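Colleague: Spelled out, the chains give:
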Amino acid sequence: MPMTTSPLLEANGLVKTYGAVRALRNASLSLLPGEVHALMGANGAGKSTMVKILTGALRPTAGRIAIRGVEQKVRSPADARRAGLVSVYQEPSLIPDLDVLSNLRLTRTPVDAFRHWVHELGVPDLDLSEMARDVPLAILRVLDLARALAIEPDVLLLDEMTAALPANLAEKVLEVVRKQTQTGRSVIFISHRFLEISALCDRATILRDGETVGVVDIGPDVEDRIVELMLGERILRKHGAAVAAEARPQALGKTRLSVRNLRVGTKLNDVSFDLHDGEVVGVVALEGQGQDELFAALAGSIRPSAGVIKVAGEAVKFGKPRDAIERGIAYVPGDRSGALLMHRSVRENIALPFSAGVRRWGPINMGNERTTVLRAIERLQIDTRAQGEVRRLSGGNQQKVTIARWIAADAKTILCFDPTRGIDVRTKTQIYTLVRELAAQGKSVLYYTSELEEIQLVCDRAVAIFGGRVVDVLPVEIADELALTRAAYGLPRDTAADLGILADPTRPKAAP
Amino acid sequence: MIAFSLRQSWVIGLVVLFVALFVITRFIQPAYGARDFASLTQAALPYAFAVAAQTVIVLAGGIDLSIAAMMAVTSVTAALLMKDQSAASALYAVPLVLAFGFALGALNGILITISRVPDIVVTLAMMFVLQGVALLILPSPGGGAADWLKALVVGSLSVPGLPDAVSAWIPHALLVVVIAVCVVWIPLKRSQLGLSIYAIGSSELAAFRSGVPVARTRILAYGIGGIFAALGGLTLTMSTGIGAPIPGPYLLASVAAVVLGGVALTGGRGGLVGPIVAVFVLRLVRTDLTLLSVDPNVTTIIEGVIMVTVVMFGALLAMRGRST
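Heads up: the protein sequence lines correspond to chains U and Z, in order.
All letters in the first sequence, in the order written, are residues 0 to 511 by numbering that gives the first Met the number 0.
All letters in the second sequence, in the order written, are residues 0 to 323 by numbering that gives the first Met the number 0.
The following block holds chain U by itself, in its conformation from the complex (with noise of 0.2 Å):
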């Protein structure tokens, strides 16, 4: 690895604050010409706001950007493509009105370039004059990778680039990637795949909770190091878990929820598990591996592509969240803006689904209402000060809200999809009391969290997926962040870890 020459892109002590909220504060990359290099962290490590920050997309608050050595601002991400740096999110970035030819014009991307690298990462027919909107997800990401290729950037910064292709043209991408290492450019790599980052990059850089922790060079057994230190001392800290365990019932109740094999297009591929009555299921994946379409098709909202569902013993089909609340199945989603009427009254909130629609037409039994209501707001110790718009509540409050409602309408089922994100520390203890509460009373509960901590909190098993599988399931005894974390990787449970084992098991390798 040519260690002696001068870094071709370094970002140093970026900081970027929101408020108070200090998303970035110490980050910094070094990126040398030639190699592939992984930018890793946990959920809300700081990843994306750094990618934003490089691309031009934030300006940061504080810190220095050098290209081959020369300071630069980078002030959107025309002054980003200028400098040599280009980028390929997440989400296309086609316009989806234009038709791919006129997507090539409107940045100025050579034509011919661009075909040779669309043929070279495997798509052989493309209609320029098809509009970008009627182009598949996957091939709109070929299309997005090819155009930053054509103009030909120093450095390419690719986020999550494999995540929505099919093994084939992942793999073509991966081949591509790599052969542009040869001539001297470099690239950004973010990904969650252990496989294709132990396969592809030379070095990684591992930010957590908004600074740079290490930069490692990436060889046999590096996975636990990086695992290391994404979590940090996080690790050294032992929860209350035996504590929170020993309450816990030991015999199960009926099964209640039952999923079979259920598949959601692309993201959901094969998810199968039970919930008992009584019983609260964590449920640990990265983002974007296929736990919101889950939680989806469990609420109604979508219509599984294969698999079955059983509520109660009974298969069912969900053709709207109606049919799922029908069934004793209620929806907590993490953004709360999407479950209540953020103008309208505690009262109101609490009683829409119990009292609208639902059941009946007609006049509302404002005295039955009045006491459910009163009784679901003691129960959760809602604070009431701010009660006649609930968008004056806090977060904590709103969310309180938003379960208190299910419990007034006798749910049977609640899925809870991140429930803490953005409340404070003594709320989110009373939501563990409330969801523990719940579960004694025979309910039971889905509980998707993005913080690994919560899992031995508040749960009596976790289940880990991982591109849209399930990978593990875990006892709450051997939960911990660490376990969890490797999982959520789709790493082995145990840590003697050699390189046939960690092949990925979501992806059979393509026939040659």
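Hints are not guaranteed to be accurate.
[Stated by the list, open to error] Partial selection, computed: residues in chain Z whose CB lies under 7 Å from chain U:
(1) Ala124
(2) Leu194
(3) Tyr197
(4) Ser201
(5) Ser202
(6) Ala205
(7) Ser209
(8) Ala214
(9) Arg215
(10) Gly270
To be clear, the hints were calculated from the coordinates, so they are not data collected in a lab.
Only a predicted model underlies this, so the values are computations on that prediction, with no experimental measurement involved.
Note that the Cβ used here is the ideal one computed from N, Cα and C, for glycine as well.
With chain U's structure known, arrange chain Z on it following the hints.
Modeller: Relative to the frame of chain U, chain Z by itself:
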């Protein structure tokens, strides 16, 4: 060719609708002839420019509620500039008024970009401001226009060698529209700016990431809209010979024609020809209903129904086309 006709299917459909309506008109009123067509075109002229203005802005993902007021301001400005002046005065009055329109439009764009107040609010405020400005410039209808300008929109073309029976069907007003569209729209559509306008209307984020200067493009789109509005104002002065400070019914008509013309109100999709043909369709419908002596109140009901039905069928056909 097939791809072309597919992409232009909405416009083709509108033209067919127009021809069908025309045939119906001849049935209702067999005497409906070239002269009537010329006066229809002349009446449609300000509408055509209003809708052209609105189209450019809607394509860029915006909306402009101040268009009718802007037309009133530019109309009275033109009338004032040319009042009691020589014929040559129009030579500087016209470019001046167009530049004024561009400035007013760009001002909308700048306010939206800088203040980050929603476009619908900024242009609504601008509508009130411009209504006042128009009355300040000219408190009551008045002013004047150069005779040769007036002649531009009245009557029909006489081409040597072409029989009058044919050339009578090419009114001056139609030519004015066609020329204005050719001069402004075609170069725009082929330019980087035109692409950028479609891009920011279609997906602002993707456009930003593709390196499109979003703010500048939006301001220019509003500016070009302003030019079309000024053209509309000019034609008002040209066809009446005076300037009228009270805005006509052009705002809602422009939105209606944009929708009927196959432009997505969410931006990014559609063209300019569709909405202009739609203006003629809507005017002809009104003519027919008048000829049938339908109650004017019912007329507006029918127009509303036509709009919803056409857009609904269009969306339905588009869905069919995509699924097969």
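Colleague: Please go over all the hints and tell whether each is borne out by the structure.
Modeller: Quick rundown of the hints versus the structure:
no.: 1; hint: Ala124; result: violated, 25 Å
no.: 2; hint: Leu194; result: holds, 5 Å
no.: 3; hint: Tyr197; result: holds, 6 Å
no.: 4; hint: Ser201; result: holds, 4 Å
no.: 5; hint: Ser202; result: holds, 6 Å
no.: 6; hint: Ala205; result: holds, 5 Å
no.: 7; hint: Ser209; result: holds, 5 Å
no.: 8; hint: Ala214; result: violated, 10 Å
no.: 9; hint: Arg215; result: violated, 11 Å
no.: 10; hint: Gly270; result: violated, 11 Å
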